[in-house]
Each structure stands twice: as C-alpha cells, then as structure tokens.
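Chains G and F, in that order, give the protein sequences.
Per the numbering used here, numbering through the first sequence is continuous, rising by one, with the last residue being 431.
Per the numbering used here, numbering through the second sequence is continuous, rising by one, with the last residue being 431.
These are computed hints drawn from the structure, not numbers from a lab.
Just so you know, these numbers come straight off a predicted model, no measurement behind them.
Heads up, a few of these hints could be off.
Now the in silico label distances, taken between C-beta atoms and shown as ranges [stated by the list, open to error]: (1) His341/G x Pro269/F: 22 to 28 Å; (2) Ala300/G x Asn154/F: 33 to 39 Å; (3) Arg334/F x Arg342/G: 52 to 58 Å; (4) Ser117/G x His341/F: 31 to 37 Å.
Residues from chain F that face chain G, not an exhaustive set, calculated with beta carbons under 7 Å [as the list claims (entries may be wrong)]: (5) Leu103; (6) Ser109; (7) Trp114; (8) Val138; (9) Arg231; (10) Val252; (11) Ser282; (12) Arg302; (13) Val304; (14) Gln315; (15) Arg316; (16) Met317; (17) Gln318; (18) Trp319.
Each residue gets a CB set at the ideal place from its N, CA and C atoms; glycine is no exception.
Here's the letter readout for the chains.
Protein chains: 2
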Amino acid sequence: MSGEYPLVEPTGSLLLAWQVSRESILLVGAGPVASSRLYHLVCAQPRKIYVVAPDDDNVDPEMRYRMTADPDAGAGGNGGVEIEWIKRKYSEHDHADLQLVLQDGQGGGGGGLGMVLVATDDATLSTRICAECRRLRIPVNVADVPPECDFYFGSVLRRGALSVMVSTNGKGPRIAARLRRRIEKSIPDGAGEAIARVGDLRAALRRVEPGKGNDAIAQRMQWMIRVSDQWSIEQLARMDPDMRHRVLQGWATDSAPSYYDVAPARINSLAALGLRAGRAVGLLGPGGSCPVDRDPDGNVRRCPFVLGMTGFVTGLVTASVAVAAWHRYSSMSRR
Amino acid sequence: MSGEYPLVEPTGSLLLAWQVSRESILLVGAGPVASSRLYHLVCAQPRKIYVVAPDDDNVDPEMRYRMTADPDAGAGGNGGVEIEWIKRKYSEHDHADLQLVLQDGQGGGGGGLGMVLVATDDATLSTRICAECRRLRIPVNVADVPPECDFYFGSVLRRGALSVMVSTNGKGPRIAARLRRRIEKSIPDGAGEAIARVGDLRAALRRVEPGKGNDAIAQRMQWMIRVSDQWSIEQLARMDPDMRHRVLQGWATDSAPSYYDVAPARINSLAALGLRAGRAVGLLGPGGSCPVDRDPDGNVRRCPFVLGMTGFVTGLVTASVAVAAWHRYSSMSRR
C-alpha cells in the first residue's frame, strides 16, 4: 500500500499561524533581536503587547520608535496595536511582570497571556523566565537558545493578509533568508490585493445570499471556487466594485463570470465577445473559459484576444508567403 | 521618523515553527481532514501521536494506512513516529482521553501534551473538547471553526528540513494553495539538500574547532557565513564529503573557498584557475569571487569560466569583424 501516499518529510517542526487577536504578549528586552520580534508582533495584531526593558541607551532605535509612536501613525508606527512599555529590568525573583500580564488578560475577558518572548543578554534571567513560563504552561521563546524555545520564528515575508514563512527548523537560517528572497520574486504583484478582493466578493455574496444553513454555505463556497479559480491572481487584484457587482450577477443565473466577461476596457469587451462566440459554438468549456490554454492551477493563462490576434496574424503571414511562393513558381514555369 | 522603518503589514497571525519533539499530540477524528492533519503531524516528528476515533468505515484510507504502518516503513509510513490509536468515540463527559495523554506526557518526562486537534463532524463534541483544552491551557484547533482555533494550518510545502507555509489567515485558503504551487516552482532543486550539507559542514567545523566560548562560536559563525554566502544553493547541494574536506582546509588559513576552488571536475579546475588569476591581479573581491556578477543575495551568479569564455569569444568576433571591415575598406580605397 506504500507509494500511494505522500512520503513523510521529517521537517521537525509544525508550521502554524498562531492567532493572537484575543491575547496579550510579553516581550522581555529591547535590543536589535527584541526589535525584530516586536515587528513580527505588531504585524500579528495581538490584543496588547507588554515590553519589559530599562529605558537606556541599549534600546534599539526602531523599537523605541514603535513603542513611542503616535497611535495615529498606523502602519507607519505600531500598526494600531497597544504597547505598554514597563521601563525597568525584569524582576526574576517575584516574576511580578509575568503576573501583571496574566492578571490583566484574565480580568479583561481576553484570551490572557498568549506567549512570552525573551531577547536579553542575561542567560540566567532567560532561563528563569523560561522555567516559570513552562510551569504556567505559557509558550515561550528565548532567542538563540533552542532548548528554551517552544517555537521558532522563521524568515517571513508579508503582503497584506498574505504571509509566507520559510523555516529550516534552525538548521540554516541564512539559507532560509535567501530562499525567502527568491520566493519574494515568485509572488505575483497584487497577491495581497487579490486576497482582499476575494474577501470583498465573499462578503458581498453573503449580503446577496445570507442563508446560514449548511446547504447555503456549501453553495456559496462552490460558487466562490468556480469564480476565483478562473481568475488569475493578477486579475483578482484588479476586481473593482463595478466588476464585483457584475460578477455577482452571475450568482442568480448560476454562472461564473470570468475576468473578460466583466472587465471594463474595450480590449476586454473584444475578449468577452470572443469568449461568448466560443461558448455559443461549443468550443469553450462549461466555465466559459478556454479549455486548452490553462496553467497548472487551472487558470486561463492568456487573454483570448491576444491568442486570437496571434492566430490571425500567423494565418495572414502564412497565406501571404504561400501566395508569394506560388506566384514566383508560376512566373518561373511560365518563363 | 516614520518612513525609515518597515511598514506594519497587519496579517493578523504570528507564523511560528512549533517545536513538538518532546510533546505528545492528541488528534480526535479520522476522516479526510484528520488525515491531512496526521500528515502534518508525522512530518513534525512529535514524541507521540494519540488518535481517538472509532475503527469504522469512516476512517480515511491514508489515515488508516499511516496508523497501522510497519514501523520499518519509515518515510513511506508513519515517518518513525509512534501513533497510538484509541479505537472509540472521544468520551466528552469525563475527558478521559485527554487526561490519559496529559498523564502519559507528565509521567514520561517529556514536554507533556503539546496540542489538541479536533476534526470530527460532531460540533457539540468539538465545542466541549475546545472548552476543556482552554481550561487546561492546551492549544487547540477545531477544523473549520475559527473561534475554536488557537492556531490555523496554512498551505505548506516541504523539502527535507525545509518547509514553507503560505497563510492568508483564513481569508483565502484557495489562493494560498495556488501561491504555494507557484512558490514550489521558484525553490531551487536541492534546497533541502543544501540545508543538510550546510549542517554537515557546521558539524565538521565543530569537530575541527570545538571551542565553546562566545568568541569561538562567533568565529565559527562568521566563517560559515563567509563560505555559504558565496556558494549558490545548487552548489551547496552538491558539496560531497571530499569537497567538504577541502572547504574545511580554508578554516586554518582564514580563507573561504568557493565552489570552484574545491569542485572536482576539470571544467571547475579551469574556473578555479581563472579565480586564482583574478585574485592574483587584484580583480576579484576579498572573498575570492567576482565583484560584479552577483545576484541580490550576494551569490556569484555565473561560472567564471563561462563568463570568461563568453568574453573571449565576443572579443574574437569583434576583432574579426573589425579586421574584415578594415580589409574591405582598404581594398575599396585601393580600387
């Protein structure tokens, strides 16, 4: 029976998208490593971040900037996340700071203290915090000390709601960063936009068909898949409110409009004309898109207008060459 | 001060590589979703996996295969991970199964129960398990029920120790899978191999220079960076024990041999000759590699032999054309 199923790749860790919106997070330290952690954290949008570190010259400038940013600075500052800077060294003897965050989380009705990140040069302190966290069953990460980490941070790239993590499970952080840069180039422009636009379409569909039963949910999901699978990521990113409105009209007639059915530009109207003609004579697939020129994701790869024009020009040229050749041949034989 | 620092991208979740080697994991359910979870789990190599599900026709065939695989099947089976299948419906009233795993973890000296994954059709059961896990501070994921998830699974690709997760934080799972397939194509063949070979080199270096002080660690790290940064990922993947031995000889002389310095083939010897000549006349950078033709990762992009030969042939052609033109000009002016 082996061979039928995917082989096990022993990566050694489980990649997860940890949900922190209802949690507070405690970060101990304010050096360059803590600063990089803080950036990860503000992108993750937790309920609140507590930072425990003395206010001295060792505070990383970017970290200081984010901790003291104007709440209105938004994405340019702390991303709208509340950060409380407790300006002293972590008191390892009573763990008062840990207790403070724990109590705040429980009192506020949130999910409590989600995790503790330690990034200080004080190895003794780190070990004590780690032990206390494990006693309290709070996930902990001590930078650069693998045995004191319940989780690692990989190399991450972000585009809006999209995030990609490259992990080598600590075996090659530098190769991970190199691969992350290669991957960055392979992600189409507007991937983050495309995800947002699919979210908009899903929300609009729920307004048109608000049913909450399992059948309604399944129907909506099926239609969303039919529509989005025939749009490329670049096309999804270009779906504006007008186009969304026209796509939604397909829901009533149980059809899945393609990009070329709803795009406004003249060239796309020509393409849509081609699509409709193709459908009418039965050349095109049931989704209404070209049955041949699809990428491995099942998306239409080329604009049908371009394909058609290419065919036309190739035909013109072939014919002209044939005519010229025949002309020459007949004029030669006449000689 | 804004603008200096990266903008916050509100992805809404924290991507983590969760360490499970000392933990047990409880999986409730054995349908297709549970089966996909189980594959993630065996790749993560936890201490032990407990599965609670009745032994009936609803068990997914791949899941049944992995749960009952011969331990010697290795990567083709359960990847060497111990799986205990508790063949009954989860008893939500006493949570006996959860208690069993908790006690086993504590008794065995391991890290205890790391997380609970629920993938059943029984929504009432799922909600009860989730509540009990939150009471016990055990991270939990109930498939398809976001409010009952402390973490999500993204779309993951794996190559040996390398793993890449694409997450849209639940906003576009289908787009995540499409991007994962695009990313798959951008990852060089042998990326997993390259990570393994860098690990081998690091281990060999520790045998040559076993110092445990901070200085020794920093020196080793610096040299590893100097070496690996001038090897492409494809070259690293080809580092065999002979080449590794020759690379290590660079440690004593504080030099960082490039691929072309240590590769065995004749063509590479020619390339190395070119590199050495370049270094001798001071044309090449201190690392010994071309100062010009580097990709954004700082790696040598082309084989110097090819570059040189291209230059040579271009020169030959330029000269020939010039000579021919001059010849023609002078013969014309002689007429």
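Verification of the supplied hints:
Distance hint for histidine 341/G and proline 269/F: a CB-CB separation of about 25 Å, consistent with the stated range 22 to 28 Å. Checked against the hint of 33 to 39 Å, the pair alanine 300/G and asparagine 154/F passes, with Cβ atoms roughly 36 Å apart. With their beta carbons about 53 Å apart, arginine 334/F and arginine 342/G fall inside the hinted range of 52 to 58 Å. Between serine 117/G and histidine 341/F the beta carbon distance is about 52 Å. The supplied range of 31 to 37 Å is therefore violated.
A hinted interface residue such as leucine 103/F counts as satisfied when its beta carbon comes closer than 7 Å to some beta carbon of chain G; here the least separation is about 4 Å, so the hint holds. For the restraint placing serine 109/F at the interface with chain G, the shortest Cβ-Cβ distance is roughly 4 Å, inside the 7 Å limit, so the hint holds. Because the beta carbon of tryptophan 114/F sits about 4 Å from the nearest beta carbon in chain G, less than 7 Å, this interface hint is met. Of the supplied interface hints, the one on valine 138/F holds, with its beta-carbon coming within about 5 Å of a beta-carbon of chain G, less than 7 Å.
At about 11 Å, the closest approach between the beta carbon of arginine 231/F and any beta carbon in chain G exceeds 7 Å, and the interface hint on this residue is violated. Given hint, valine 252/F at the interface with chain G, holds; its Cβ is 6 Å from that chain's nearest Cβ, closer than 7 Å. Checking serine 282/F against chain G by beta carbon gives a least distance of about 3 Å; that is within 7 Å, so the hint holds. At about 14 Å, the closest approach between the beta carbon of arginine 302/F and any beta carbon in chain G exceeds 7 Å, and the interface hint on this residue is violated.
Given hint, valine 304/F at the interface with chain G, is violated; its Cβ is 19 Å from that chain's nearest Cβ, farther than 7 Å. Given hint, glutamine 315/F at the interface with chain G, is violated; its Cβ is 16 Å from that chain's nearest Cβ, farther than 7 Å. Interface hint at arginine 316/F: violated, since its Cβ lies 13 Å from the closest Cβ of chain G, which is beyond the 7 Å cut-off. With its C-beta approaching chain G no nearer than about 10 Å, methionine 317/F sits outside the 7 Å limit, and its interface hint is violated.
Nearest Cβ of chain G to the Cβ of glutamine 318/F: about 12 Å, over the 7 Å cut. The hint is violated. The criterion of a C-beta within 7 Å of any C-beta in chain G is not met by tryptophan 319/F, whose closest approach is roughly 13 Å, and the hint is violated.
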